[in-house]
Amino acid sequence: MSTLYDLGVRDAAARIRRRELSSVELVRAALARVAAVEPQVGAFLTVCEGEALATAETIDRRVAAGDDPGPLAGVPIGLKDIICTAGIRTTAASHILEHFVPAYDATVVTRLKRAGAVILGKLNCDEFAMGSSNENSALGVTRNPWSSERVPGGSSGGSGAAVAAREVAASLGTDTGGSIRLPAAFTGVVGIKPTYGRVSRYGVIAYASSLDQVGPFARDVGDAAVVLEAIAGHDPADATTSPRPVPTWRDVLDSGVRGLRLGMPKEYFVEGMQPEVVAAVRAAIAELERLGAAVEPVSLPHTEYAIATYYLIATAEASSNLARYDGVRYGLRASTPGGSLGDMYERSRAAGFGREVKRRIMLGTYALSAGYYDAYYLKAQRVRTLIRRDFEQVFAHCDALVTPVSPTTAFRIGEKTDDPVTMYLSDILTISVNLAGLPALVAPCGVDGAGLPVGLQVIGKPFDEATALRIGAAYELASDWHRRSPLP
Amino acid sequence: VAITRDQVRQVAALARLHLEPDEEERLTADLDHILEAFVRLQALDTSGVPPTAHVEDFGAVLRDDEVTNPPADDALLANAPARDGRLFRVPRIIE
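Chains as they are written, first to last, in this note's numbering: chain R, 256 to 743; chain Y, 2 to 96.
Because the hints were derived from the structure by calculation, they are not lab data. Even glycine gets a Cβ: it sits at the ideal position worked out from N, Cα and C. There may be inaccurate statements among the hints.
Said to hold, decoys possible - Covered by chain Y, according to a simulated footprint, are these stretches of chain R (three or more residues, beta-carbon under 8 Å):
| # | region |
| --- | --- |
| 1 | 317-325 |
| 2 | 602-608 |
Stated by the list, open to error - A short, non-exhaustive set of chain Y residues, derived as facing chain R with CB atoms under 10 Å:
| # | residue |
| --- | --- |
| 3 | Leu18 |
| 4 | His19 |
| 5 | Ser48 |
| 6 | Ala79 |
| 7 | Asp85 |
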């Protein structure tokens, strides 16, 4: 007999729409689950108990009146705490926004609500989404539900951990260099980084605007697809969203992989990776082959330049985006009695930003400064073109690429915090996708000797989330990894 | 690459970031270490390769010049670290 917190998104919404279950019951079960596991997981920064129960009551009344609240009817969902929620504290896991209460909802929140979802709370992450382990949060520690000594991955670590620990059936995160896919892999859940321009960034606290993208976490591909459908599509408030229509992705999930051509980039299977990760991903690819896909080796020759390219472009954009935190209109203001306006800016930013955020602001400011712009920022933008062309060439004869997500499974808390470069290398297999603006799905495909999850990454052509979802769904049908649960 | 402490001070001034002496020292070492790891980029020939600022060119997106956001109200002003009625208070900038 499964408990209420085990229900997936589609299952729960279907029962609520059929009046077999009330949203209030489901939200109460989620709140009880949160209370039970949070001491060992620490995924939430804010739990919106009152708001969630009030919304659930409204949903139940609408269903009782014969109204259909939508595909996410009454289902509790968690949000990475860089997604603005009207009237609910939104911190970016930073001291500088610790008490910030947005006046409006991000477009993705408006759309979730329109689809009937209940916002259960706000999830921990690396400060301003800058990190690969969640250890850069200024507001709390999130632990991997599979092992309390391990990181959940970052930067959307709370979003992965909350879904893995069955606190919520789905959550939203953001992915700038791997920040959805790495935590999805480390916590053993499904995560989707959509094509750049597929999902609105309006109301999402900006890190690197040419790379940031919002996407879902869920426990299976179908649930992730339903959430993605709810949030995707053109938004007049974000000029970088695409006018392309949003497909009904849940209809493509049963299409299978027969006849699909899958590329295996040789640069993603190299010396120094954890052998169990390589073995699990190769076994998953062999399974896809058995299901009828054709697999061929391919090459993305500029992969070795991706880390440097990303960390120059992302930090340059971040240094500009984070210039707005000046202590004037909102956010932390340091006390500078008798000081100038400049003193107030400098002291407020010094007091409000954490170590990694300062490091990235400094690196980005340097890369953009007179005398270094051509050598660093412009150079990185040119290499970004080469990285995009690598993908264009392989996609001329492949439908999708299949790769590992990370060279290792979840590492230990504190293991990589001393050396920023070692931490940055965690992103080596995810970062090129952002530079090229591509969609990618992560699904669990095995475990290592310590029982820690391994993820399979499926990279699609621009705006072809459908093929990545098909592949993920076909693999899931033939495997049981997504059914495993870390906590009783 | 050899980043100097003076350069770190200049960059911090541009970024409007006050740094304590120990932070200056650590950031000098960090930036040097990071840029050293990125040095392979300089060896790559990119002559004739155009830069990518954005993966898709959305062109100039136009809309009617209409106010769509609600007027500044208490929900916005409530976040002000210091306010005077409907105004934000800041240190004096004109003597």
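Hint validation: His19 (chain Y) versus chain R, beta carbon distance must be below 10 Å. Holds or violated? It holds, given that the least Cβ distance between His19 (chain Y) and chain R is near 4 Å, below 10 Å.
For the restraint on Asp85 (chain Y), tell me whether the closest CB of chain R is nearer than 10 Å. Hint violated; Asp85 (chain Y) Cβ to chain R Cβ min 13 Å, cut 10 Å.
ask   = Is the interface hint for Ser48 (chain Y) satisfied, with its Cβ closer than 10 Å to some Cβ of chain R?
value = holds (9 Å)
Query raised in the report: Taking a Cβ-to-Cβ distance below 8 Å as contact, does the region 317-325 of chain R have at least three residues touching chain Y?
Result: n = 0 at 8 Å, threshold three: violated.
Quick one: see if chain Y covers the region 602-608 of chain R, three-plus residues with Cβ-Cβ under 8 Å.
holds (count 4)
| said: Would the hint on Ala79 (chain Y) be counted as holding, given a Cβ-Cβ threshold of 10 Å to chain R? | reply: Because about 7 Å separates Ala79 (chain Y) from the closest Cβ in chain R, which is inside the 10 Å limit, the hint holds.
- Item | Minimum beta-carbon distance criterion (10 Å), Leu18 (chain Y) to chain R | holds (5 Å)
Checked against the numbered hints listed earlier, the structure breaks hints 1 and 7; every other hint is satisfied.
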